[in-house]
Structures are given as C-alpha cells and as structure tokens.
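Here's the letter readout for the chains.
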Amino acid sequence: MRIESKDRFETLRAQARESNASRMQQVLVCCGTGCLAWGSKKVAEAFASEIAKRSVDATVDLFVKSTGCHGFCERGPLVALQPSGILYTKVKPNRVEEIVETTLIGGEVIQNLLYKEPVSGERIAQYDEIPFYKNQVRVAMRNIGRIDPTSILDAIAEGAYSGLARALFEMTPDEVLDEVEISGQRGRGGAGFATARKWRSCKAAPGDRRFVLCNGDEGDPGAFKDRSIMEGDPHSVIEGIIIGAYALGAHEGWIYVRDEYPLAVVNLGIAIAEARKYGLLGQNIMGSGFDFDIKISRGGGAFVCGESSALMRSLEGKTGEPRAKYVHSTEKGLFDLPTVLNNVETWAGIGAIIDRGGEWFASMGTERSKGTKAFSLVGKVKNTGLIELPMGTTLRHIIYDIGGGILNDRPFKAVQTGGPSGGCVPAELLDLPVDFEELTKAGSMMGSGGMIVMDDRTCMVDVSRFFLAFLEEESCGKCTPCREGLHQMVQIYDRLIAGDGVEGDIELIERLAAGMQLGSLCELGKSAPNPVLSTLRYFRSEYEAHIRDKACPAGICRELTAYEIIEEGCDGCHVCFKACPVDAIEGVVKELHIIHQDACISCGACFDVCPTNTIRTFPKIELKKAEVV
Amino acid sequence: MAEIPRSDLSVAEEILGGYPAEEPALIQILQDVHRAYNYLPCDVLERVAEALDVPLAKVFSVSTFYKSFSLEPQGDTIVKVCTGTACHIRGAGLLVEELERQLGVGPGETTEDLSFTIKTVNCVGACAMAPVMIVADKYWGSAKPTRVKKYLAKGGDDEN
Numbered sequence: 030m031r032i033e034s035k036d037r038f039e040t041l042r043a044q045a046r047e048s049n050a051s052r053m054q055q056v057l058v059c060c061g062t063g064c065l066a067w068g069s070k071k072v073a074e075a076f077a078s079e080i081a082k083r084s085v086d087a088t089v090d091l092f093v094k095s096t097g098c099h100g101f102c103e104r105g106p107l108v109a110l111q112p113s114g115i116l117y118t119k120v121k122p123n124r125v126e127e128i129v130e131t132t133l134i135g136g137e138v139i140q141n142l143l144y145k146e147p148v149s150g151e152r153i154a155q156y157d158e159i160p161f162y163k164n165q166v167r168v169a170m171r172n173i174g175r176i177d178p179t180s181i182l183d184a185i186a187e188g189a190y191s192g193l194a195r196a197l198f199e200m201t202p203d204e205v206l207d208e209v210e211i212s213g214q215r216g217r218g219g220a221g222f223a224t225a226r227k228w229r230s231c232k233a234a235p236g237d238r239r240f241v242l243c244n245g246d247e248g249d250p251g252a253f254k255d256r257s258i259m260e261g262d263p264h265s266v267i268e269g270i271i272i273g274a275y276a277l278g279a280h281e282g283w284i285y286v287r288d289e290y291p292l293a294v295v296n297l298g299i300a301i302a303e304a305r306k307y308g309l310l311g312q313n314i315m316g317s318g319f320d321f322d323i324k325i326s327r328g329g330g331a332f333v334c335g336e337s338s339a340l341m342r343s344l345e346g347k348t349g350e351p352r353a354k355y356v357h358s359t360e361k362g363l364f365d366l367p368t369v370l371n372n373v374e375t376w377a378g379i380g381a382i383i384d385r386g387g388e389w390f391a392s393m394g395t396e397r398s399k400g401t402k403a404f405s406l407v408g409k410v411k412n413t414g415l416i417e418l419p420m421g422t423t424l425r426h427i428i429y430d431i432g433g434g435i436l437n438d439r440p441f442k443a444v445q446t447g448g449p450s451g452g453c454v455p456a457e458l459l460d461l462p463v464d465f466e467e468l469t470k471a472g473s474m475m476g477s478g479g480m481i482v483m484d485d486r487t488c489m490v491d492v493s494r495f496f497l498a499f500l501e502e503e504s505c506g507k508c509t510p511c512r513e514g515l516h517q518m519v520q521i522y523d524r525l526i527a528g529d530g531v532e533g534d535i536e537l538i539e540r541l542a543a544g545m546q547l548g549s550l551c552e553l554g555k556s557a558p559n560p561v562l563s564t565l566r567y568f569r570s571e572y573e574a575h576i577r578d579k580a581c582p583a584g585i586c587r588e589l590t591a592y593e594i595i596e597e598g599c600d601g602c603h604v605c606f607k608a609c610p611v612d613a614i615e616g617v618v619k620e621l622h623i624i625h626q627d628a629c630i631s632c633g634a635c636f637d638v639c640p641t642n643t644i645r646t647f648p649k650i651e652l653k654k655a656e657v658v
Numbered sequence: 087m088a089e090i091p092r093s094d095l096s097v098a099e100e101i102l103g104g105y106p107a108e109e110p111a112l113i114q115i116l117q118d119v120h121r122a123y124n125y126l127p128c129d130v131l132e133r134v135a136e137a138l139d140v141p142l143a144k145v146f147s148v149s150t151f152y153k154s155f156s157l158e159p160q161g162d163t164i165v166k167v168c169t170g171t172a173c174h175i176r177g178a179g180l181l182v183e184e185l186e187r188q189l190g191v192g193p194g195e196t197t198e199d200l201s202f203t204i205k206t207v208n209c210v211g212a213c214a215m216a217p218v219m220i221v222a223d224k225y226w227g228s229a230k231p232t233r234v235k236k237y238l239a240k241g242g243d244d245e246n
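Residue numbers (my numbering), protein chains in the order written: chain A, 30 to 658; chain B, 87 to 246.
Note that these hints are calculated values from the structure, not bench results. Glycine residues also receive a C-beta, built at the ideal position from the N, C-alpha and C atoms. Please note that a few of the clues may not be correct.
What the hints assert, rightly or not - In silico DSSO-like cross-links for lysine-lysine, where the CA-CA straight-line distance does not exceed 30 Å:
#1 Lys153(B) x Lys121(A)
#2 Lys235(B) x Lys347(A)
#3 Lys230(B) x Lys70(A)
#4 Lys361(A) x Lys205(B)
To be verified - Beyond 12 Å from chain A on every Cβ pair, some chain B residues (computed):
#5 Asp118
#6 Leu142
#7 Ser149
#8 Thr150
#9 Glu158
#10 Gly179
#11 Glu183
#12 Val191
#13 Ser201
#14 Pro231
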C-alpha cells in the first residue's frame, strides 16, 4: 500500500480516477458541521439503505459519499448529484426515497427541492447555475464538497498530493520557495505577510532543527473557513505542510486546532493516519528520501492562542501568553527554534500553487493581493455560507450577487470584517474592492475572512461593546494597556448603552484607544480599538444620539428603546403574544394587540417575529416625557 | 467543613500512561482528564503535576487560563449558546435569557441537581445558521427563544 516511487503514486492516482469515473452516478451528501446540525447524517444513511435496497433491479450504479461543507450552510442538508449537477436543498430523510425513485432512476428533477432564487422566485436545478456558486473561484476550497474527506484515494483522484509529487521529484527545496514567491501568496490568517518571505527568513536562521506549524485556531467570531477546510479537505492542508517542510528542511510539524472544532480534529486525524499508511507522511516520503511527520494539538479554548507566539507557548504546554514582537518566531519560535507558522487556508493553497504554478495563482487577484480568498458570509444576508473569490471582488458583488441581498430586504448598514481586530465598513463603501490594502485603508482588515453583514437593526455602539467585551474576556492579562484599557472601555460603553453617557465620553474613548494601540504587547491589544475607531469614523452620529438624545437610532439598546404595536396593520395573528418571554403583550386572536410598557423588557422578540411589520420602536425617553406631561 | 471526596485516580493514571511525562503534554492530558471526570478535580491535578514534574502552581495556571477547563463539577448536559458576532446580531442574547428563565442559572453556572451547565462560547464556526445553541453534542441552528424548552427536552435527539 505504501507509495514508494513517483510512478507508483501516478498509477495509484490513475486507478483512483478510473474507479471514480466508472461510477455512473454519485450522491454527495454534505456532512459539514452546518449540514450535520440539520440532520444530514440521517439523510446519508437513508440514501445508503435506499440504494442498497434497490440494488437488484437498479439500472444505475449509485454511490453515496459524505463530503465536507458545500458552503451553502443555511440551506442544509445539501445533496448534490453527479454527473447531473443537480443540487437539492433542505433535504429531509423522508424525501430520500422519492429522490432515488424520481431523479436517480427516473431522471426527473423534483422542483420543490431545488434552490429558489430569492429575487425572481425562480427554481434553479444546476449547482453551477446558482448565483451563490456561479460567481466563486475555488483554490483553497477546491475539493471541498467533492471528495469524501475520510478517503485518501478520493482526494488523490481529485489531485491531492500531485503538487507534493512534483515538489519532491522535480524541484529542489529552493525552487519550491521560488515558486511560492512567484505566486505572491500572502498569509490568509489576517496580517497578510508574504508566505515566501516568512519561509526564507526561517530557512536563513541558524540551526538544523526547525518546525512547520499550522494555525487552525480560528478564533475570530463570524469566521469558519478554516473549520470547513480542515473538515472537508484535510489532505490539502497536510499536503501544503509537507511541501513547506520540504522547502524548509523541517522534519516535524504540528496542526493546532481549536477545541471548539471536534469534527475537524476527527477528520484531520483520519487523514494523517491514512497519509502515513500510504507513505505520504513518515520516513522516506514517496521514496524520495525526505522524512516528515505531523501531530495534532487541540487548543484549550483561548482566543489569544491564535496569536503566533501565544500558540507556540500553548504547544509547549504552557499558558498562551504572547511575547514581544521583536523576537521573530521564524528565528526563535517553538521551543526557541526556527519555526514557520501559517494559517490553514495558506497551507491549503500551497499544493495547488506547486501543481499549477505560481504564475497561475498570481494571475488572479489584485496588484498586491494575489490569488483567491475564502470568506464566511454571515449575518443579516439572505444566502449565508462559505465562499471563495478572487481578491479585489467588490463588497457589492459579494453581498448582493452572491449573498442575494439583505435579509427581509431591509436597508444595508455595514459589513464587519476582520473579527475583533477589524472594523465596520459602511454602505457608502459598497464598491470597495476587497483586498488586504483596501480593507486596511477603510479602517478594517482582512482578518480570517469573516464578513458579518449588518442591517439597519444593528446598533454600532452595541456591536463595538460586543467586541470589547469579547476581548476583555479573552485578553491574557499579561500587559496593562490591553487588560485595563479594555476593562475601562467596556465600562464607558456600558454607560453609553444605558443612557448614562456624558459629553466627553467619545474623546475619552479615542484617548484610551490611542494608548492601547501604542502600548499593548501583542496584536490583540494593539488592534482591539479597531472596531471602536471604525464605528466612530463612520457612525459618530449614532454615538452622539446615545449621549445627547438618550436614543438608540437602531432601536436595539434596551434601556433606550421602547416598542409599540401600530394600530393600523395589526391583524391579531397572536404571534407576538406567544413570542413575548415576559407576558407583556395582551390581545386575543384577530384583534388588536397591545404592549404593556411597564412589563416590557425591550428584548425585541416580538419585533423579530411580527409577520406584518406592525411593531415599531421609539426612544424610551418619550415615555418618560409623556409621564411628566 | 465537609470532607472533599477523593477522586478515583486510576483513570488519571491510565491517561498519564498515554503521554510522555513532560510539560508539552500538559494541555492534552488536562483535556483528557476533563473529558473523563467532567471537570478537573484538585487531587487529580496534584497527581498530574507530580507525574510531569511540573509545579502545581503551573498546572493550576494552565487549568484556569484555558476556557475549556472547569475546576467545578459540570452538569450532565452542557448547554452552549454561541455568542459570536453573527449569533449576537441574530439574537443569541435572547436565547441566554430564556435559558436562565428555564433553568434558573446563568452562563457559567450549573443547576443544583447537576443536570445542566450553561456556557456561552465565542463562535463555534456555524455562523451561517446563527443563532446556534448546542445541547450536549446536538447543534440547533436558527434557534428560537420560544423553542428553548424543546431543545432542552430533546437533548441529543436528532430531529430539527
């Protein structure tokens, strides 16, 4: 079974391809975390048993495959059929028999399982025709949703380890480095440091022992591209790491995975074991004479461990506290030895770059940001899920053409990128081409590719407080500007959202922010003020409303917001009555309902469920004024 | 003062046997201990410190630094509410409040009968189905406050 030469690898790949091609039809059931939550495991089991049941008189050879995330998580469970290219959404186990009967055997499409285009209402049968997929270009995610992540042969058939074979047998380590440099690839974890430069600086460091690490500690809330890659195509990550190790002359590697990603740990573990079995990891890889192996390390649930030096301390079994940046981890990293740490998506792209050439990768993207980038498109947008696009794609294209626009057709307010280190990009910048430079110029950053779309029902003061509270909890506490700065900021924001803000608070926030940027030890603290500063830059009037008018324009901050039912329009559907957690709504079916202000806690649950949009918000202060009168 | 019951250390010995006795294994060992005992009992931590030849203070520091560790016994069922950004703007806060009403304890707390522990987690990476609530190992996507009672009752059952 061990692959002992390049020829053997190529034969194996040809056999795997042939065996895949000989299957007449394939059923691909998405088994990413999203679809699993919708019950996709049962759907896959139902397909397997239904197909087995009909094996006697089946006219087609069917094959059920549990794949990684197709990306379109909101519509799960997703089932893709090959070679017809049909995509069925929201498939329940009780529809499986019908799909096998009607589509697989009968060749007919089942209309009501197809994706319905939200604008035109048109049903779209083909996977490739759905706008969500049509506009994507996939490099790091090239095989996700196409392969069974637990089958190495399936991955090899789709091209996995071809780049590795090329690197080991046709290129010297330095040529691999050159190829990566030509690709212009920059780190996909956030800061965008050039991959080749990082590698070169590690290679130049003295010493014989060096390490390659993979950062799978995707902590930015709202980002899950790394999770999907590790779950859906772990071999792309492993291949990239081996190639990197070969280029650097490293023989030991680690993948550090978040504790919150159990499926990623399982699938990576299976993939590593299979790669060892096939001689793609361990001694004398593919008979090339190169030795390398990878271990998995589960994180302990600390956001700061996504920071490079903290991650390395955590791998050493210590608390994940960062250290000052002037010590470069490429020279003194893990166990104080030269170390390269790259993000999951960065590694996943390496195999494709070596296989198809650096120039191919560099032909996509913008002047300084080459290639494609994975994003998780989430929040108040119609099509939520995982996408990959060439750098330089505009926000408008992403949110409207791929995302299908804003949920319930409400107005678009801002998109948050870069997680707690990023910022909010407002509606007037919708035509911004998304790359490292442009996002930074707009006061945000690329981060790990989370894009959280916000509508007019999102309060920017509340969102900023959310990030500050997040970071306050996650700050390791080692340096004072970060630990104390965040604590004080949260207290100021608590005042603002409670209506106790005073003149001068905005300036105080800005002063604190400047101090934290200047004095914090690591990027967590230095970039912590970004969400604050970007919302102040674009939404200052919202802050002023909280301070001066004691009003929350978005109608979110509870202390400042009251709700009432608009008399004309309420048809007495009673939905709000059921949704109210504190029984503050009175009314009988088909009659006007009212909200009792003294009992209402302004949670907004009624507002969110009202089908006729006849609940409105108004500043709570008006109630107090009315009492006085 | 009530006597603290001693833990069964044989489980810990078995875990320790699976790792090299050195500091880098500490976090992985603590994770396995946590899984086996449902929390990190003090006497087990003492044993781990001794076995790895790491000061107890250091073991304690690691145990309190990482969020996945608890020094208190956990409930049989862990209920997690994702409070990442996408879940936050889609109403994760309402889920937490409803849970508090249903169970009478807040985030980070355990019901007296040790049946439930409520935790808030910073993003589980299932943002496309926000807000998300996880009961035991079952993910509930597009979770609604009005259904919290049902989620708790159903526990790990698979039907959405």
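Verification of the hints:
1. Lys153(B) x Lys121(A): 36 Å, violated
2. Lys235(B) x Lys347(A): Violated - the C-alpha atoms of Lys347(A) and Lys235(B) are around 40 Å apart, more than 30 Å.
3. Lys230(B) x Lys70(A): 23 Å, holds
4. Lys361(A) x Lys205(B): 37 Å, violated
5. Asp118: 10 Å, violated
6. Leu142: Per Cβ check, Leu142(B) is outside 12 Å of chain A; nearest 14 Å; holds.
7. Ser149: About 9 Å separates Ser149(B) from the closest Cβ of chain A, which leaves it inside 12 Å; violated.
8. Thr150: Violated, because the least Cβ-Cβ distance between Thr150(B) and chain A comes to about 9 Å, which does not exceed 12 Å.
9. Glu158: Glu158(B) is indeed farther than 12 Å from all Cβ atoms of chain A, at 16 Å.
10. Gly179: 8 Å, violated
11. Glu183: With a cut-off of 12 Å, Glu183(B) comes too close to chain A, as the shortest Cβ separation is near 7 Å.
12. Val191: Non-interface label stands for Val191(B): nearest chain A Cβ at 17 Å, farther than 12 Å.
13. Ser201: 22 Å, holds
14. Pro231: 6 Å, violated
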